[in-house]
Amino acid sequence: MKSRQVGQCLVCNDAAVGINFGVPTCMPCKAFFRRNAVKLG
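In the working numbering, the protein residues as written are 304 to 344.
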């Protein structure tokens with residue numbers, strides 16, 4: 304299985320770890336948006 308380059312987090316420009324909520328994000332931004340989505344959900 305080939306790993307795919309994701310690039311930079313579109314929120315903070317750090318190294319992205321994956322596609323979350325439709326955009327490349329780093330782990331801290333992923334956690335921040337997930338926490339807020341759960342609060343609003």
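In case anyone wonders, no lab produced these hints; they're calculated from the structure. It cannot be assumed that every hint is accurate.
[Claimed, not checked] Restraint ranges, calculated between C-beta atoms of paired labels, are given here:
| no. | residue 1 | residue 2 | range |
| --- | --- | --- | --- |
| 1 | Q311 | R337 | 27 to 33 Å |
| 2 | R338 | L313 | 24 to 30 Å |
| 3 | G310 | K342 | 24 to 30 Å |
| 4 | G310 | F335 | 17 to 23 Å |
| 5 | G310 | A334 | 24 to 30 Å |
| 6 | N339 | D317 | 15 to 21 Å |
| 7 | G321 | V341 | 24 to 30 Å |
Cβ atoms here follow ideal geometry from the backbone N, Cα and C, with glycine treated the same way.
Hint check:
1. Distance hint for Q311 and R337: a CB-CB separation of about 19 Å, inconsistent with the stated range 27 to 33 Å.
2. Checked against the hint of 24 to 30 Å, the pair R338 and L313 fails, with Cβ atoms roughly 18 Å apart.
3. Checked against the hint of 24 to 30 Å, the pair G310 and K342 passes, with Cβ atoms roughly 28 Å apart.
4. In this structure the hint that G310 and F335 lie 17 to 23 Å apart at CB holds, the actual value being about 19 Å.
5. The supplied range of 24 to 30 Å is broken by G310 and A334, whose beta-carbon atoms lie about 19 Å from each other.
6. In this structure, N339 and D317 meet the distance hint of 15 to 21 Å, their C-beta atoms being roughly 18 Å apart.
7. Separation of G321 from V341 is about 18 Å and departs from the stated range, judged on CB atoms against 24 to 30 Å.
The structure fails to meet hints 1, 2, 5, 7 from the earlier list, while all remaining hints are met.
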